[in-house]
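Top to bottom, those sequences are chains R, W and D.
Counted from 1, the first sequence has number 114 at position 113 by this note's numbering; the numbering is strictly sequential.
Counted from 1, the second sequence has number 516 at position 258 by this note's numbering; the numbering is strictly sequential.
Counted from 1, the third sequence has number 83 at position 44 by this note's numbering; the numbering is strictly sequential.
Keep in mind that the hints were calculated from the coordinates and are not lab data.
Cβ coordinates follow ideal geometry from the N, Cα and C atoms, glycine included.
Watch out, some of these pointers could steer you wrong.
Said to hold, decoys possible - Quick list of simulated restraints, FRET-style, between CB atoms:
hint	chain 1	residue 1	chain 2	residue 2	range
1	W	553	R	16	42 to 50 Å
2	W	312	D	89	48 to 56 Å
3	D	171	W	466	45 to 53 Å
4	R	77	W	305	50 to 58 Å
5	D	62	W	321	42 to 50 Å
6	R	133	W	286	42 to 50 Å
7	R	138	W	332	55 to 63 Å
8	W	568	R	11	19 to 27 Å
Claimed, not checked - Which bits of chain W does chain D cover? Going by a derived footprint, with three or more residues having C-beta under 8 Å, they are:
hint	stretch
9	380-386
10	391-402
Each chain, written out:
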Amino acid sequence: MIKNYFKNTWEGLYTILIGMKITWKHLFVPSVTLQYPEERAKLPERARNRLFLNYNDCIGCMQCAAACPVNCIEIETVKGIPTDMPDPTSKGQKKALWVTKFDIDEGKCCFCQLCVAPCPTEAIYMTDIYEYSEFDRDNLVYNFASLTKEEVQQKQDNFDKFQAEKEAQKLEAAKAKAEADAKKAAEEKAKLEVKPSNDEKKED
Amino acid sequence: MQNYLIEIFGSEIVAYILATVPVLAFIVLFVLFAVWLERKVSAHMQDRLGPMRVGWHGVLQTLADFLKLLQKEDIIATANDKALFNIAPYVVFVTTLATFTMLPFTSIFIGSNADVGIFFVLAFSGAVVAGILMAGWASNNKYSLYGSLRSAAQIVSYEIPTALVVLTMIMLYGTMSLGEITIAQTSHFWNWGIFGGPELGLAKILLVPFMFVAFIILFISTLAESNRTPFDLPESESELVAGFNTEYSGIKFSMFFLSEFANMFLIGSILVIFFFGGYNSPFGYLGNLLGIEWLIPIEQLLWFLGKGMFFVFVDMWLRWTLPRVRVDQLMTICWKYLIPYAFFNLLIVGLILLI
Amino acid sequence: MSIYDLIFYLFATLTIVSALMVVSSDNIVRSAFYLLATFFGVSGIYVLLGADFVAVTQIMVYIGGILILLLFGVMLTSNITNVEIKKGTAKILPAVIGIGILLGAVVSVMTRTKWKIHLTEIPQTTSFELGKLLITDYVLVFELLGILLLIALIGAASMARREQE
Ligand code: SF4
Ligand code: SF4
Numbered sequence: 002m003i004k005n006y007f008k009n010t011w012e013g014l015y016t017i018l019i020g021m022k023i024t025w026k027h028l029f030v031p032s033v034t035l036q037y038p039e040e041r042a043k044l045p046e047r048a049r050n051r052l053f054l055n056y057n058d059c060i061g062c063m064q065c066a067a068a069c070p071v072n073c074i075e076i077e078t079v080k081g082i083p084t085d086m087p088d089p090t091s092k093g094q095k096k097a098l099w100v101t102k103f104d105i106d107e108g109k110c111c112f113c114q115l116c117v118a119p120c121p122t123e124a125i126y127m128t129d130i131y132e133y134s135e136f137d138r139d140n141l142v143y144n145f146a147s148l149t150k151e152e153v154q155q156k157q158d159n160f161d162k163f164q165a166e167k168e169a170q171k172l173e174a175a176k177a178k179a180e181a182d183a184k185k186a187a188e189e190k191a192k193l194e195v196k197p198s199n200d201e202k203k204e205d
Numbered sequence: 259m260q261n262y263l264i265e266i267f268g269s270e271i272v273a274y275i276l277a278t279v280p281v282l283a284f285i286v287l288f289v290l291f292a293v294w295l296e297r298k299v300s301a302h303m304q305d306r307l308g309p310m311r312v313g314w315h316g317v318l319q320t321l322a323d324f325l326k327l328l329q330k331e332d333i334i335a336t337a338n339d340k341a342l343f344n345i346a347p348y349v350v351f352v353t354t355l356a357t358f359t360m361l362p363f364t365s366i367f368i369g370s371n372a373d374v375g376i377f378f379v380l381a382f383s384g385a386v387v388a389g390i391l392m393a394g395w396a397s398n399n400k401y402s403l404y405g406s407l408r409s410a411a412q413i414v415s416y417e418i419p420t421a422l423v424v425l426t427m428i429m430l431y432g433t434m435s436l437g438e439i440t441i442a443q444t445s446h447f448w449n450w451g452i453f454g455g456p457e458l459g460l461a462k463i464l465l466v467p468f469m470f471v472a473f474i475i476l477f478i479s480t481l482a483e484s485n486r487t488p489f490d491l492p493e494s495e496s497e498l499v500a501g502f503n504t505e506y507s508g509i510k511f512s513m514f515f516l517s518e519f520a521n522m523f524l525i526g527s528i529l530v531i532f533f534f535g536g537y538n539s540p541f542g543y544l545g546n547l548l549g550i551e552w553l554i555p556i557e558q559l560l561w562f563l564g565k566g567m568f569f570v571f572v573d574m575w576l577r578w579t580l581p582r583v584r585v586d587q588l589m590t591i592c593w594k595y596l597i598p599y600a601f602f603n604l605l606i607v608g609l610i611l612l613i
Numbered sequence: 040m041s042i043y044d045l046i047f048y049l050f051a052t053l054t055i056v057s058a059l060m061v062v063s064s065d066n067i068v069r070s071a072f073y074l075l076a077t078f079f080g081v082s083g084i085y086v087l088l089g090a091d092f093v094a095v096t097q098i099m100v101y102i103g104g105i106l107i108l109l110l111f112g113v114m115l116t117s118n119i120t121n122v123e124i125k126k127g128t129a130k131i132l133p134a135v136i137g138i139g140i141l142l143g144a145v146v147s148v149m150t151r152t153k154w155k156i157h158l159t160e161i162p163q164t165t166s167f168e169l170g171k172l173l174i175t176d177y178v179l180v181f182e183l184l185g186i187l188l189l190i191a192l193i194g195a196a197s198m199a200r201r202e203q204e
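Construct the entire structure; sequences and hints are all you get.
Following this line, the structure appears as structure tokens:
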């Protein structure tokens, strides 16, 4: 029993020394923490952070909005008219639509990256920016469409006008066609009537 | 120092009051430094960096924190016992400060070279308990009360091994005055307490192992008296929020804080005075070598602070090494291990000194 | 009046006022803390009398020991705040007579004693002489007190043990 007592004492002190040796070693282990705003951890290659849209490349196909599970992408488009077509994308794909509104609510986005895959032009992608906190939640809705309101209005008007013109043209064309048809029919009729004479002429 | 001041001011009282000013200033500066050191040591032991922003490697961080503490609202809850609540921090701080007056910082500065020296230090560190109990009671908060009761129980029980070891050392030096104890250990480091004290001979060699035991006992028991980890049950954050200072904020909280860190230095310096020659340099002085008189006290001050800081550092080191002990373990360590060892140590040292 | 007289009166007032508060306070815990001030004042007076060892012993034993014990006792008792403490005068006549006799005795002792007055030499250190006296002239009392304390200690230990069974 008395032996146990001394053993306990010895073990108590000895194990404390072992522990102290370990902490002493750690005193000189280089720190694993980073001084954050000055030093940053290297992001992994495929890290998912804030979304970005290369507006010039977007053709407005709405595939991304359809893929998003939380519906945080809002897109509105207007068709372009032949005289005022959007420039083609950087890879030369033709655009048929003016994208008048492209809003991503980054506050809602859950970084699932489902919107990136379906994009045919690779216009939407993840960046490496992860510090974008805001004081106002509304500021987290990012508007990527670079058209001003007036421009949007103009495109809309253009399109409406174009549509109207087209409609008118169509009407006219239909009318013309009808007339032409009528004419044709008349001509046909006339031809039929004149046919014998033709034969006659041939015979001549 | 005192005599000099008495000459200047012509009044003992003014001189004595002025003589405490450096001590007070020292405590504040020391705490500012020690808190920073504690943070740094704890951080590096956990492979972190600790404060890095304010000043070079965050040295001014504690100053900033201190300023923040000063500005804080002084919260007094309605159900507190207001008078006691307000007095308690000052009781704790003043009693801690009083112990510092006995420390010989250098050969020319010692707050009071009273004959009762170490006895006074023990008495006043026991009186701190009254302040702590006051704080715990006046807070009207169960955590505070638990904390203060634990603290009181702990300090009262660990006073016994402390007193036994102190008795051993008084027997060795034949005086209670800390100044004279230091003077007894002058000239060579083999005169230090841990190497068996000033007298050469057979007794000295026989004493060495027992001095070492005494040193370890005194270290553990004073560590417990200053409520530091692994004996920090009175303010164990995981159980009692913050113990007896849960309800305190602002300047009153900083009073408790100051006295806790001042206590750390106090126990370090008591160890240094008893076992490591106080302000004495182990190798002789540069001042003697160069023949500059005034350099010697400065060197002595540096040696004293350096040795004291080393033990403060060991406290921090232990803090990040050991987990907190349970209450029953706390009492077991004290009553079943420290006291018997200290007692037998006392007997044996007494016998050795007799022959 | 020298500054030491002033300090003496300071300590004396502290002692007396806090002692009065101890008996007149409603709250037991408060009383205990007033006792702290009383003990402190008494030890201050000891210092002024040149009895530094006794003064420190006063602080060590009374504040560090007895007062803490008292506080522990008080704080661990259930129902301390709402208990009715009797403070009124119960039997005024016997009290007055008793106190009168005591006061008379004290005053007569004070006036009749031939006080040794020596202004010049105050013994600088008392602990050395005190220790010598304790171990030579008063060794029997000293040892008896030691045995008494030992008995108390053993008694406490055995009481603590009995409860466990
Ligand atoms: S990453 Fe996911 S949640 Fe975010 S916008 Fe794309 S599809 Fe929506
Ligand atoms: S999938 Fe690509 S191209 Fe289509 S709307 Fe989204 S971003 Fe634009």
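Which of the numbered hints above does this structure break? Violated: hints 3 and 7.
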